[in-house]
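Go by the hints and put chain H onto chain D.
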Amino acid sequence: MSYAVGDVIAPFTINAVSEDAMKDWAVFLADPNPIHLDVEVVKAKGLGDRVINQGPINVAYMMNMLMAAFPDGTIEAMDSRFLDNVYGGDKAVASGKITAVDGNRVECEFSLDIEGRGTVNAGTATIRLNA
Amino acid sequence: MSDEAEFPPAPQVAGTSLDGTRIFTVSAEENARLCRSVGVAPAADGTAHPVWYYVATQVAMGKTVAGVCETCEFDVEDGPMMGSSGVRFSGPIMVGQPYKVGGEILSLVRKKSRKLGVMDVLTYRLRLHPADGGDAILETDNVWVLPRKELA
Chain D
1 MSYAVGDVIA
11 PFTINAVSED
21 AMKDWAVFLA
31 DPNPIHLDVE
41 VVKAKGLGDR
51 VINQGPINVA
61 YMMNMLMAAF
71 PDGTIEAMDS
81 RFLDNVYGGD
91 KAVASGKITA
101 VDGNRVECEF
111 SLDIEGRGTV
121 NAGTATIRLN
131 A
Chain H
1001 MSDEAEFPPA
1011 PQVAGTSLDG
1021 TRIFTVSAEE
1031 NARLCRSVGV
1041 APAADGTAHP
1051 VWYYVATQVA
1061 MGKTVAGVCE
1071 TCEFDVEDGP
1081 MMGSSGVRFS
1091 GPIMVGQPYK
1101 VGGEILSLVR
1111 KKSRKLGVMD
1121 VLTYRLRLHP
1131 ADGGDAILET
1141 DNVWVLPRKE
1151 LA
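In order, the protein sequences belong to chains D and H. Going by the working numbering, 35 is the number at position 35 of the first sequence; the sequence numbering is gapless. Numbers given in the working numbering equal positions in the second sequence, counted from 1, plus 1000.
I should point out that these hints are in silico values taken from the structure, not numbers from a laboratory. Be aware that one or more of the hints could be misleading.
Which chain D residues face chain H? A few, computed with CB under 7 Å, are given here [what the hints assert, rightly or not]:
1. Ile14
2. Ala30
3. Pro56
4. Asn64
5. Ile75
6. Glu76
7. Ile114
A quick note: this is a predicted structure, and the numbers were derived from the prediction, not measured. All C-beta atoms in this analysis are idealised placements derived from N, C-alpha and C, irrespective of residue type, glycine included.
Pulled out of the complex, with its shape left as it was, chain D reads as follows (with noise of 0.2 Å):
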């Protein structure tokens, strides 16, 4: 495959995440913080009125962006900023552009947006290629 400055990244979409999945993050984070788990901390804690997706929940969105996109390559480096929360129920769009290529290296910069609120996370990547 090829790739050039300004390439699209094909869109990962999550049509409602998942209160389910936070659960199950809540055991592999050793983390049980009930704003994950309970709406009712949630709304005590003026948080909002659904819990509250865990952080990297919303990275790996991105990350299975970034590998669909390029099956022929691998994630070297990813930097993600977390600007808002991401509630259960939210339609998550995650989506990128390609800004460099250097040889066997791809730099991206992709975004998480929650449809209705806008951009809850952002970041850039590198990808190596693979021979």
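Frame of chain D; chain H shown alone:
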């Protein structure tokens, strides 16, 4: 007078070791479950989903999240917030491969923001090594925001 002079300095925690003793292994079952939870199928080549970088380093570092907060004299119940996460891979995370974690706190900087008031910005670095030794297969820098309600 600067804003910083209005409140006491952040605890001096830079250099605190986060080296872990726990061995962390991603099983095929766990990897499949994690992949399903984020909407993809597991890879067929034995590599784990790369987001395990975050999970493995957090779970197998030498302190719990609450423990890291305590080191920073911050109550985890006050709600630490993820600011950013960066990772640099030199190799993939493999299913069934045992790993261990090394790392340290890089900095804790007290700031004042219009949105959050007084907060401490915590940066720590973790590395994932094969459990039997050798170079790290990844290094991650995580930044957490610790809102200091008591200083607001």
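Status of the hints after comparison with the structure:
no.	hint	in the structure
1	Ile14	holds (6 Å)
2	Ala30	holds (5 Å)
3	Pro56	holds (4 Å)
4	Asn64	holds (5 Å)
5	Ile75	holds (6 Å)
6	Glu76	holds (6 Å)
7	Ile114	violated (15 Å)
Checked against the numbered hints above, the structure breaks only hint 7 and satisfies the rest.
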